[in-house]
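J.: Chains as they are written, first to last, in the numbering used here: chain A, 60 to 429; chain B, 5 to 240.
It cannot be assumed that every hint is accurate.
Said to hold, decoys possible - Straight-line Cα separation of at most 25 Å, BS3-like style, residue types lysine-lysine; simulated pairs:
{"#": "1", "chain 1": "A", "residue 1": "Lys300", "chain 2": "A", "residue 2": "Lys277"}
{"#": "2", "chain 1": "B", "residue 1": "Lys130", "chain 2": "A", "residue 2": "Lys64"}
{"#": "3", "chain 1": "B", "residue 1": "Lys155", "chain 2": "A", "residue 2": "Lys64"}
Unchecked claim - The calculated label-pair distances, taken between Cβ atoms and stated as ranges, are:
{"#": "4", "chain 1": "B", "residue 1": "Lys173", "chain 2": "A", "residue 2": "Phe327", "range": "31 to 37 Å"}
{"#": "5", "chain 1": "B", "residue 1": "Leu149", "chain 2": "A", "residue 2": "Ile397", "range": "42 to 48 Å"}
{"#": "6", "chain 1": "A", "residue 1": "Glu288", "chain 2": "B", "residue 2": "His129", "range": "55 to 61 Å"}
{"#": "7", "chain 1": "A", "residue 1": "Ile375", "chain 2": "B", "residue 2": "Ser185", "range": "56 to 62 Å"}
{"#": "8", "chain 1": "A", "residue 1": "Leu367", "chain 2": "B", "residue 2": "Gly184", "range": "28 to 34 Å"}
{"#": "9", "chain 1": "B", "residue 1": "Gly32", "chain 2": "A", "residue 2": "Leu313", "range": "42 to 48 Å"}
As the list claims (entries may be wrong) - Coverage of chain A stretches by chain B, computed from C-beta distances (three or more under 8 Å per stretch; other residues unrestricted):
{"#": "10", "region": "61 to 68"}
{"#": "11", "region": "198 to 205"}
Since the hints were made in silico from the structure, they are not lab data. Just so you know, even glycine gets a beta-carbon here, dropped at the ideal spot from N, CA and C.
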Amino acid sequence: MIFLKLILTNLRRHRIRSFISVAGIAFSVAAMLTVVTILQGAIGMFSGILSSDSEIIVFERNVSDLFFSNVPAAAVNEIASWPMVLHADPVLFGVVSSADHPIITCFGVTASDARIRKATWIAGDRLTFAQHADDVVLGERAAEFLGAQMGSHVPIGHGIFHVIGILQTANGFEDGGVFMPLNSAQSFFHKDGMSSVITVKLRNRDDAASFKNMVKTKYASLIALEDAEFNHSYSQFRILKATAWAVGGCGLILGGLGVANTMIMSVFTRIREIAILRVNGFSSMQIAAMIFGESAVVSLLGAGLGLLTGTCLLLILKLVPALHGYVDVTIQPVVMLIVVLLALITGIAGALYPAIYAMRIRAVEALRFE
Amino acid sequence: MNPTTAQANGHERIVLHAEDVWKSYDEGTIAVLKGVNFKAVEGQTIALCGPSGCGKSTLLHLFGGLDEPDRGSLSVNNIEIDRHRNRLSLLRHEVGFVFQLHNLIPDLTLAENCLIPTVAAGIDHKIAQARLRQLTDRTGLSHRLGHRIQKLSGGERQRTALCRALMNKPKILLADEPTGSLDEQSSAAIFDLLLDLVATEGVTLVMATHDRGLAERCNRLVEMHDGRIHESEDAR
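Isolated chain B, as found in the complex:
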């Protein structure tokens, strides 16, 4: 069933909800989001498209609890993002992040980088190790577990970042240009893997991208312009 249709029918859960969200920087002089309304249904893959500066990354940061809106309300999994209290829980259990740059810690090994979210959340080491093996098997990194980040290729680094984002079994994956720093071939391979993982893990993907080709492979495409969502449609 198409998630959008399912949402309309009331059979699927809304996992992300933004209502009249405003965000500006530099004491209000730079308005980035201007009354954004947005909903995402569980299991959807959503591409946020639009020119640089239109507010895609800002919306992802707000959903991840990394930033606060000036006004409006945001909820993740039907829990309204509190100004202070539940941001940490959001990052530890509900949301995983993948960025354009892999953002791995260079002095740690692949395995150690992946385990960081489990350390933060206080997850039992054995459970964390099992999850690590599961994810690295799926992403073809199991032979690189003890390798430091410097020894990995760009694609391997981004796959590591993907594993790390999914370590704590988040319900939502927020990806900000996840293939933006890769060549075309690696980009396609990583995106295939990303779609495969979110499908099998049952994760909702919201991805900011400039790549129309990748966006059209998502089951929903949302256009943003000048801090507003202009249209939302099924990509396929």
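Excised from the complex, chain A in its bound form:
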């Protein structure tokens, strides 16, 4: 109890300094939580597009981005005919632009594609999809920002398209995207006979390994991955995740420097007090534990405050109409745990030098310190 009080006493003694340190960690944690959650949400949404009613993705081997992947129609047709395959849907990804909106994701799909089959049609009818080359179906948010309605014509890229339906999905990319008939998209993006990926649903999931082997054997230029494998290995996802953690990590390092500064000041302003503890039998390890305890309290308070702030920030971002569907406020427990652990480690690392300094204080000299 007294040991705890010795830890807390110094934090109470310099309230403003302690608060600034806690705030530093809190902002770092909030930043990390927000960035990581938003990016993981975005990754989740993108992988959600790929795994819609499918469990395997087939795409061109060694491409850095699925937008550059080319899967020939012949492969689509053959794979769809394999007995173990329930359905194989080719999807062509592209990026189109319109006035004021330079980046709109475009999905070239067939009428039977799960993405439009499973979406809620606010306007239009799925059965009319792909009957004309200039037909498009818009996601709800895309319709909103393009100012389009059912039956209207919208300029997209260098073409004018006829809106034959508006979809509502929970996925931000799909909700803000444009769905074109596959043939139209191939023509629009000059990729005749090609798709970016094939999303495959097997009759029996246990056949996944043999399916992947068959693809490997028959198509040297293609690779088949199960959804989980893809999410884990896709370089773009890995880059995004690494970026998120790196940005958050930089924030935490700054927070850690704040803790280090506080702890150095804390030790320097109570050299005499530490000497008193030494004279009364405190070991150097007990002194170090006191310093680390103090930084741990700062870090945990900061982490708690940061989690609260980050969650509030994410909730606010979710309410911003422009970000609808892009921000997923579902904070994964593992992310929370990692963020708290990182904050704690950063705080303790920040206290390393002060603790070593405190351990080396010589009581005899320090008792003369005023």
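Since the structure of chain A is already known, use the hints to place chain B on it.
T.: Chain B only, in chain A's frame:
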């Protein structure tokens, strides 16, 4: 029985022993102790007298394990003070310190300050509380247990420091000008209390002081000059 006589007769235990102890500072340029030989018998009250800078405090620090001699040997309770290993045990169980300044932690209460040595030594809280009550009753501080140090008078602070020094039942009390910061009246009262406590607790007292009047109330007076012990005699 006079402890010095008892020591000579071999009936009493030697609790402090310094043999040819040298200590200097600033890379040997300031020699403070120059071959000190010293023995203290269990239960003695010893006054170390001498001018400022003669080495009184340094000798106390060496006995308390707060500093190391350049050469020579020191033992407390027949245990030679090791360079590294047993200093902590010395501070926790064998030796208590009282300084001229009370050296209490201002943000803690009287009770919490007194309990610090028990926390360091890992003594059971209930045992520590009982000891605290015993000592504060004896020193007249039991009504001030929850008070912060700022609220205490100079005399009360020094009595608190005395309680803290005796919390872990040390065998030796090292006091460095324990009444030096008090007025004459408080000084006399604290010293009376100090003598009373060391007598009832069976503690050996070694006290550095400039106050001849206090020194003469100890049962042994040791004169130090220029880093050497010049004479040792019974004060009474």
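J.: All hints are to be evaluated individually against the structure, with a verdict given for each.
T.: Now the hints, each set against the structure:
1. Taking the CA atoms of A:Lys300 and A:Lys277, the gap is near 33 Å; set against the 25 Å cutoff, the hint is violated.
2. With a C-alpha separation of about 18 Å, the suggested pairing of B:Lys130 with A:Lys64 holds against the 25 Å cut-off.
3. With a C-alpha separation of about 19 Å, the suggested pair B:Lys155 and A:Lys64 falls inside the 25 Å cut-off, and the hint holds.
4. Checked against the hint of 31 to 37 Å, the pair B:Lys173 and A:Phe327 passes, with Cβ atoms roughly 35 Å apart.
5. Judged by the Cβ atoms, the range 42 to 48 Å given for B:Leu149 and A:Ile397 holds: they are separated by roughly 45 Å.
6. The hinted range of 55 to 61 Å is satisfied by A:Glu288 and B:His129, whose Cβ atoms lie roughly 57 Å apart.
7. Separated by about 59 Å at the C-beta atoms, A:Ile375 and B:Ser185 satisfy the suggested range of 56 to 62 Å.
8. One distance hint, 28 to 34 Å for the beta-carbon pair A:Leu367 and B:Gly184, is violated here, with the actual separation near 53 Å.
9. For B:Gly32 and A:Leu313, the hinted distance range of 42 to 48 Å is satisfied, since their beta carbons lie about 46 Å from each other.
10. Check result for the region 61 to 68 of chain A against chain B: holds, 5 residues qualifying (beta carbon to beta carbon below 8 Å, three or more required).
11. Chain B is given as covering the region 198 to 205 of chain A, and this is violated because 0 residues of the stretch bring a CB closer than 8 Å to a CB of that chain, at least three being needed.
This entry does not satisfy hints 1, 8, 11, going by the numbered hints stated previously.
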